[in-house]
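Trainee: Model the full assembly from the supplied sequences, consistent with the hints where possible.
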Amino acid sequence: MKTSIISSKVLSEFATFCRDNDLDIGVNITKDSFQLLNEQEINNIHQAIYYLQFLFVNNYKDIEKYKFLASRFFNLNLKLKNNDKQLDYESLFSNTNQEKDIMNSLFLDYLLSPTQEKLTSLSYDAISSFESLDFSRPVSINYWVERIMTSSYVEEMMKVFLINDIDKYSKYQVYALEQGFLKDFRDEIFTQLFNIKNQSKEPYDYEFLDKLVDLSEKDFLHTDKSERKDLLQQARKLGMYLAVKLKKKTNDNKKGRVSLRKTIRKSLSYGGSMFSTVHVRKIKKKPKLIVFCDISGSMALYSIFGLNFLSGILKAFRNIRAFVFIDGTTEVTDLVRNNTGEEISSILGQWNNYVKLDGHSDYSFSFETLLDNIKDISPNNLHLLVIGDARNNYRFLDEKLLIDISEKFEKIYWLNPEKEAYWSTGDSIINHFQPICESIEEVRNLNQLKIFVEKISKKLV
Amino acid sequence: MNKEIIVTIKQLEQVGYFASDYIIDALNSALVLNKPLLIEGPAGSGKTWLAKALSHLKEWNLIRLQSHEGIDEDKALYEWNYRKQLLSLQSDIDGEKSIEDIFSEDFLIERPILQALRSKETSLLLIDEVDRADEEMEALLLEVLAEDQVTIPELGTISGSHNFHTILTSNSTRELSDALKRRCIYLYLDFPEISREALILSHHIEGLDKNDSEKIASMISYIRKLNIQKPPSIAEVADWLKYVWSKDTGLGERNLKKNIGILIKNNHDQKVVIEEIENFNNKQ
Numbered sequence: 001m002k003t004s005i006i007s008s009k010v011l012s013e014f015a016t017f018c019r020d021n022d023l024d025i026g027v028n029i030t031k032d033s034f035q036l037l038n039e040q041e042i043n044n045i046h047q048a049i050y051y052l053q054f055l056f057v058n059n060y061k062d063i064e065k066y067k068f069l070a071s072r073f074f075n076l077n078l079k080l081k082n083n084d085k086q087l088d089y090e091s092l093f094s095n096t097n098q099e100k101d102i103m104n105s106l107f108l109d110y111l112l113s114p115t116q117e118k119l120t121s122l123s124y125d126a127i128s129s130f131e132s133l134d135f136s137r138p139v140s141i142n143y144w145v146e147r148i149m150t151s152s153y154v155e156e157m158m159k160v161f162l163i164n165d166i167d168k169y170s171k172y173q174v175y176a177l178e179q180g181f182l183k184d185f186r187d188e189i190f191t192q193l194f195n196i197k198n199q200s201k202e203p204y205d206y207e208f209l210d211k212l213v214d215l216s217e218k219d220f221l222h223t224d225k226s227e228r229k230d231l232l233q234q235a236r237k238l239g240m241y242l243a244v245k246l247k248k249k250t251n252d253n254k255k256g257r258v259s260l261r262k263t264i265r266k267s268l269s270y271g272g273s274m275f276s277t278v279h280v281r282k283i284k285k286k287p288k289l290i291v292f293c294d295i296s297g298s299m300a301l302y303s304i305f306g307l308n309f310l311s312g313i314l315k316a317f318r319n320i321r322a323f324v325f326i327d328g329t330t331e332v333t334d335l336v337r338n339n340t341g342e343e344i345s346s347i348l349g350q351w352n353n354y355v356k357l358d359g360h361s362d363y364s365f366s367f368e369t370l371l372d373n374i375k376d377i378s379p380n381n382l383h384l385l386v387i388g389d390a391r392n393n394y395r396f397l398d399e400k401l402l403i404d405i406s407e408k409f410e411k412i413y414w415l416n417p418e419k420e421a422y423w424s425t426g427d428s429i430i431n432h433f434q435p436i437c438e439s440i441e442e443v444r445n446l447n448q449l450k451i452f453v454e455k456i457s458k459k460l461v
Numbered sequence: 001m002n003k004e005i006i007v008t009i010k011q012l013e014q015v016g017y018f019a020s021d022y023i024i025d026a027l028n029s030a031l032v033l034n035k036p037l038l039i040e041g042p043a044g045s046g047k048t049w050l051a052k053a054l055s056h057l058k059e060w061n062l063i064r065l066q067s068h069e070g071i072d073e074d075k076a077l078y079e080w081n082y083r084k085q086l087l088s089l090q091s092d093i094d095g096e097k098s099i100e101d102i103f104s105e106d107f108l109i110e111r112p113i114l115q116a117l118r119s120k121e122t123s124l125l126l127i128d129e130v131d132r133a134d135e136e137m138e139a140l141l142l143e144v145l146a147e148d149q150v151t152i153p154e155l156g157t158i159s160g161s162h163n164f165h166t167i168l169t170s171n172s173t174r175e176l177s178d179a180l181k182r183r184c185i186y187l188y189l190d191f192p193e194i195s196r197e198a199l200i201l202s203h204h205i206e207g208l209d210k211n212d213s214e215k216i217a218s219m220i221s222y223i224r225k226l227n228i229q230k231p232p233s234i235a236e237v238a239d240w241l242k243y244v245w246s247k248d249t250g251l252g253e254r255n256l257k258k259n260i261g262i263l264i265k266n267n268h269d270q271k272v273v274i275e276e277i278e279n280f281n282n283k284q
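Chains as they are written, first to last, in the working numbering: chain A, 1 to 461; chain B, 1 to 284.
Just so you know, these hints were derived from the structure itself, not from any lab.
Heads up, some of the hints might be wrong.
As the list claims (entries may be wrong) - Some chain A residues close to chain B (C-beta under 8 Å, calculated; not the full set): (1) Gln35; (2) Glu39; (3) Gln40; (4) Ile42; (5) Asn43; (6) Ala48; (7) Leu55; (8) Val57; (9) Tyr60; (10) Tyr175; (11) Gly180; (12) Phe181.
Treat the numbers as computed from the prediction; the structure is a model and nothing was measured.
Built from N, CA and C at the ideal position, the CB exists for glycine as well.
Mentor: Put into structure tokens, the structure is as follows:
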């Protein structure tokens, strides 16, 4: 048998060293490793370590860790072959515009063979060269990150990417490398600044820490972009859930009362015994729903949730129409029915298109135009869902309009995102609508919307 | 060292697979140790294609098991032919048949893993997209991968013929169990580097010269680095190029925009790619 370049004892010690450093390795790995080293034509320790990675590493995230541990254990400066070298950057960067100096060569060295240590050292240099760093100022770490990223030191460093005489497609590569570096560099600077800032800090008292907020209990208005995306999806799902429930309800109610005459007639075919019953065909009462959303400044975000919720229902029912209003009414049924959440949110971006007069919500005029828009629809079984805070900017509300609205709709549901305590205060006219509404609900988070959906699914049909 | 079993880059090139040293070394390690090779990597990076190329090169019988949610031993390992068993019992008027007669080889339907285990000719068992299968399925594989045997309660343990090799592929949609990984040689197969992708493209597209293929590969490599949900696979790039090339309309950004549906299969991603390429062009 050939003698292996690494003895079995050293191999098992290396395996133990890796295990001690949280690299997950099986017990029988030494036997396989020994066999692999014997079978392959291995001439030096570098090659041996390279081949061992196929057995020692079972997650691509651990490849770097393995290299680091191997270099520590065998006391080597390892340059293992890998499969992610994309372009001959070395020759590309030889064309760089910048003069070669120490900083430049360190940076180039990182770009050509990136390691975490080199990145840390680069970011440390960038931070220490930035003199105005002052954590006593009431600004976030991100502020300092931006200042450092735009400092003359970093600008000078980034000149490495200004390369002469390369074709456009190689520029793609350099551009991608530049963007990738900027992202990693920014993250690293953030981490270092975070550590520096917290070095002098005492640990927080538990009672002062922010409590974890349940997303479904969080006010829509206080959500960030990613939370909002999640909530919009859930609102859409809730709409679909309601649609399924309503569909089921309309389908379940197909059978009407038993028709005695027809049942007796049918029983004659079974010799007079009532083998089966015949029901009167029932006319389906499909819900006719109008959704009316206030998208004025204070309401816009809530309305987007409302419209997303609505888009879920609209997919299942044709006889639902959606309108948005500020100081006049615009129909958005097709927009909501045919588009995804992202496009619905674009309503906010085109806010100006929906302004008719002065951009302040006008419930009186908006309701008037709504009634005008739907004058052809029979009031029979017609429902209205309003999403709005009923803040009329101290405009006049005609009592006759309220009567017209109540006559037009069989039931009116109102979702008010304001806290109940604020209803009917200031310019809020919600108290005027209270007598004609079936129910007015405070809906400012997902849980409240869920409760409303449960209620409405029982009442609507 | 068993020289017959190992493969070289050139050999794989002959069957249309352009591998790097890294891939070849991992593959050879698995072949030499006769251990399963677990290939992880993004969809469309050539994992399944490597298995196909290997079986083609070695003229091994390729037995493929496509994993999916809910796959169980009936579909992966073996199944009893219940209809045949019932018919056999019905025809047995004298009641001579015993339980052993019914649960015998005659009534056993071999599924891919058992087929590979009992195959007389050398075969390659490809367990594709193993991350889609449930964890129970992984547990089932452990015995096969480590011991080359399966246990069928009615028949006993069936040992393998030791003349099959196994390749497992995974898209990393979930973490596989440590127990499974430990039994395998691990290879992370990312999208190919520019030079290798250029070779692949020029192999697929007739008349595409080295310069053009490298330019396209650079652009594709850039697109893959963008913040998109599904980066284009090699096959998609080849399809796109075949179409653009057949129309002989050149390789400008305009063409990319026009035929982007062949390359990018997501509305959001399409917007990002077009926007980024425009940004890039404006910056120049």
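Trainee: Next, verify each hint and record whether it holds.
Mentor: Verification of the hints:
no. : hint   : in the structure
1   : Gln35  : holds (6 Å)
2   : Glu39  : holds (5 Å)
3   : Gln40  : holds (7 Å)
4   : Ile42  : violated (10 Å)
5   : Asn43  : violated (13 Å)
6   : Ala48  : violated (12 Å)
7   : Leu55  : holds (6 Å)
8   : Val57  : holds (6 Å)
9   : Tyr60  : holds (4 Å)
10  : Tyr175 : holds (6 Å)
11  : Gly180 : holds (7 Å)
12  : Phe181 : violated (12 Å)
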